[in-house]
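Enquirer: Letter by letter, the chains look like this.
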Amino acid sequence: MDLLIKNGIVYDPINKINGEKMDIFTSNGKIVSNAKDPKVIDADGKLVLPGGVEGHSHIAGGKVNAGRIMRPEDGRKGIEPKGKLTRACSGYSVPNVYATGYRYARMGYTFVMEAAMPPMAARHTHEELIEIPIVDKGAIPLLDNHWMTMECVKSGDMDKLTAYVAWILKATKGYGIKIVNPGGVEAWAWGKNVSGLHDRVPKFDVSPAEIVKALSIANERLNLPHSIHIHCNNIGHPGNSETTLETYGLLSGVENSDRQVMHATHTQFHSYGGSNWGDFCSKADEVAKYVNAHDNLTIDLGVVMFCDTTTMTGDGPHEFNLYKLTRRKWSNHDVELETGSGVVPFVYGAKIPPHAIMWAVGIELPLLIDDPWKMMITTDHPNGCPFTFYPQIFALLMSKKKREAMISEVHPVVNSNTILPSIDRELGWNDIAIMTRAAPARILGIDKHGKGHLGSGADADISIYDISPEEVDPSRDYAKIEDAFSYTAYTIKSGQIVAKDNEIVAVPSGKTFFVDPEIDKSLMDAMLPDLELKFKEYYSINLANYPVQDAYVPNPYKISTKGA
Amino acid sequence: MSAENRIITDVVCPFCGSLCDDLEVETDGTKIVKVKKACKLGKSKIMGHERIESPLIREDGKLREATYEEAIERASQILSNSKRPLSYGWASTVCEAIEKGVHLLEEIGGVMDSTASVCHGPTVLAVQGVGAPGCTLGEVKNRADLVIFWGSNPVHAHPRHQARYSYNAKGFFSGGKEDRTLMVFDVRKTKTADKADEYVQIEPGSDYKIFSAMRTILSGNEDVVPSEVGGISKEKLIEIVDRMKKAKFGVIFGGLGLTQSRCRYKNLENVISLVDEINEHAKFTLIPMRGHYNIAGFGQVCAWETGYPFAVDFSRGYVWYNPGETTAVDVLNRKECDSFLVVAADPASNFPKGSVEHMKDIPVIQVDPYHNPTTEFADVVIPAAVAGVEAEGTAYRMDGIPLRVRKLVDVKYPSDEEIFDKMLTKVKELKGA
Ligand code: SF4
Ligand SMILES: [Zn+2]
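One line per chain: the protein sequences are A and B, in this order. Going by the working numbering, the first sequence opens with residue 296, and the numbers climb by one from there. Going by the working numbering, the second sequence opens with residue 1423, and the numbers climb by one from there.
For the record, the hints were derived by calculation from the structure and aren't laboratory data. From the three backbone atoms N, C-alpha and C, an ideal C-beta is built for every residue, glycine too. Check before you lean on any hint, since a few could be wrong.
Unchecked claim - For lysine-lysine, the following PhoX-like pairs were computed, each having C-alpha atoms within a straight-line distance of at most 25 Å: (1) A/Lys377 - B/Lys1848; (2) B/Lys1667 - B/Lys1656; (3) A/Lys829 - B/Lys1670; (4) B/Lys1462 - B/Lys1617; (5) A/Lys377 - B/Lys1670; (6) B/Lys1592 - B/Lys1667; (7) A/Lys487 - A/Lys498; (8) B/Lys1505 - A/Lys377; (9) B/Lys1670 - B/Lys1599; (10) B/Lys1656 - A/Lys498; (11) A/Lys465 - B/Lys1853; (12) B/Lys1599 - A/Lys829.
Said to hold, decoys possible - Simulated DEER-style distance windows between Cβ atoms: (13) B/Glu1851 - A/Gly378: 13 to 23 Å; (14) B/Asn1744 - A/Asn329: 52 to 62 Å; (15) A/Ala839 - B/Glu1851: 38 to 48 Å.
Kindly produce the complete structure, drawing on both the sequences and the hints.
Expert: Shown next as structure tokens:
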């Protein structure tokens, strides 16, 4: 059915529409300039945005499911009975597949990127992605701690590395290159870690810095829509901002005219000063200064909010450290020749000094970085908190009063060890639209594939919120911001109304986005003998059983690229 | 090999949790004539044996032949007319069928449980208490210098496990068994124990005590450990803990000897905690020796679909999980369910007497390629294709690695996935009417 969304206040930053009252038409799942006999949605006095784009979240695969299996107590916190159309839901920080799809859709999100797919278990990630209803999605395979990668780095063979990356993307139906604690995860297979960019990885004799630079070269040679996506070394450590800034600097001078060349994820967890938990403090200002001065880098936030959540990363040694702090449950899963992962339940407490500082850092960063196009708002779901905290986070960014109210409730250390209380900046509607729609789509490279905007030909993914930017002053009425962003009046996915007033009204299946890089056959042929040897000697499965079959992407959206 | 015969390589074995994926199967176009590289267990599973030829419906006490349509209709009626339907089994079929099964049970507000509840269920409960420090089997193959089988006997139950993944396997950092120490802890000297560098005999039911003693020693409090625990001397225990602390990469493969003996899930909590604590000294992991080839897959599917890995009750509309209450054995034993759907399992042989009793009093639906003692209780029998031989789909190895099992030959039987898809449609129809 064609739609006319009438008289809404539209923010569509990619098309430079900044709060204009206008009509939007959809037909056959796309935005069009006019439609015949459309169904009319009266959006008078409502906020109209492109569908939300979640650029970094953990929603599917082995570690998410390890979280569910390990935490029945979390499951109980989110129970919703089955409905006429909807399946039974469970979970708070580790929702089941249905809750994941419905909650994103009800909040107005229509695209979600799973940010860490272990290649050998990619089939699992895809099995869950298939089952997540409504939203479009993709998954980024981990590539940095692979033996193949490190051997290519060691020998300096960029042709081979490029071919290998292409092979993994094809075999896993993956979206890009994820880097997680480069070198540290291989070291963790021996119970060790790396402590900085220039440590040598045991047995492979390469450094994290070398791995990052090499994968960036492969990424650019393959012309991937997204840049390398990096979780830096030393996550969570006091004083880690030095490693973070040094990592950013690794690609200093490298440019791509279309997009960033490095996306640094959950930057909140990487922007700390101090040398121990006693003098732990924020270095958001220094990180922001770097980001402000460079145009080849983007970040996402990884905001912490106070709650009982589940941490999960490919960073095995980090999760073990969290286990030692909490002494609660610890799940670990090292994946042969490739990667690792860990899962630890974690409570962020407002009165616990380091946690209060972490919270402040997540809010400082977007207020200190001038250009909203350089960021996506994320909570690194569920690491900082579940994605359902977004409305509160938007309110914190849009209202100094809201921040003051919250600061008065958290540990006073935020007054001395962060500069959050002194920041006056309040973000506007357009900033939020950029950081949750336009920028994530650009950063991921899906803006060219109809996402993150409302221009003619774009996918008809639209969220309509029951709040009028003309009447509400976010600075003062921050409670209204929180309420309004909690659920949409309408979420439209591919031209179909899927959610209305917090209720799911249709449950289509979303598409899976993946990249199919074409490279010179001779490069691939030259790489394969090495890979075959790895399977023959070291993997515990056969090469023929590794690639993810087409059956695991029933609604494919393939982005073909041509490598140089 | 005749001209028409076809050799299929890289076949995944659908029998045990080792999920070996290097088999070669020869078919003559209609049936399988040879299986290479599999162990006896795998070979006999793939070669197959006498089948249930046709769907059956019980009438006047006797099973008579029926069409698939009739049998599925009958099963759907039973399920949609029951107040408290129960389903059990699901470990020897593929994830795609399990997904349909979960949906079916949600639709009819029933209880869904797997064979885990009578084998590694206690392991799952322990994971919920303390977590799961694991890794893939290839990590063991490439790195392990200390391999411990505790209450598990792979020679008997997972015959190719040691050659492919653990003790005998050659890997990147390990030349094979010369570079590894194999220790076996068991109440009796098993075939696996015969090959061990060190066999440690333990007294039945004393695993919990032994782990506690080891943790006490590890934490530096050996002075409070008595001179002998569970049949092991204190000196020996100290030596073992020391050996574990010195491992470059250690692994414990825990078996039913832990889950089915005294203390059950507490044994697992204790050994997992031991492994956690050793990690402050040495890399150590634990992998449960899952039996049926896709029992791990059931846990995965059930968790992503419902939030919980087994024993889920949909009667409230939302999912209620409470093992001990919502486990199949208990629901039957309380004589609570008024119909019972059994999929690729044999509760009549494996459940306690009290639970089996109730199977006589309620309609039982069996979906299985083969007859087994449960067939004697069944009112509707629906023969299915053998997943992994006659139907394709996903299965999860004991270490969580998902593989796609193949369809090797064409048969007249529908797959589990097709059967439950039809049943789901039918049930929705009946409920809507
Ligand atoms: S060890 Fe298990 S999976 Fe491997 S061939 Fe034997 S039965 Fe099959
Ligand atoms: Zn993340």
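Enquirer: Now, for every hint given, state plainly whether the structure supports it.
Expert: Cross-check of the supplied hints:
1. A/Lys377 - B/Lys1848: 19 Å, holds
2. B/Lys1667 - B/Lys1656: 16 Å, holds
3. A/Lys829 - B/Lys1670: Distance ~22 Å between A/Lys829 and B/Lys1670 Cα, so the pair holds.
4. B/Lys1462 - B/Lys1617: Roughly 20 Å between the alpha carbons, so the hint for B/Lys1462 and B/Lys1617 holds.
5. A/Lys377 - B/Lys1670: 49 Å, violated
6. B/Lys1592 - B/Lys1667: Roughly 23 Å between the alpha carbons, so the hint for B/Lys1592 and B/Lys1667 holds.
7. A/Lys487 - A/Lys498: It holds: about 12 Å lies between the C-alpha atoms, which stays within 25 Å.
8. B/Lys1505 - A/Lys377: 17 Å, holds
9. B/Lys1670 - B/Lys1599: OK: B/Lys1670 and B/Lys1599 at ~15 Å, within 25 Å.
10. B/Lys1656 - A/Lys498: 37 Å, violated
11. A/Lys465 - B/Lys1853: 44 Å, violated
12. B/Lys1599 - A/Lys829: 20 Å, holds
13. B/Glu1851 - A/Gly378: 13 to 23 Å: 19 Å, holds
14. B/Asn1744 - A/Asn329: 52 to 62 Å: 57 Å, holds
15. A/Ala839 - B/Glu1851: 38 to 48 Å: Holds: the Cβ-Cβ distance is about 41 Å, inside 38 to 48 Å.
Checked against the numbered hints above, the structure breaks hints 5, 10, 11 and satisfies the rest.
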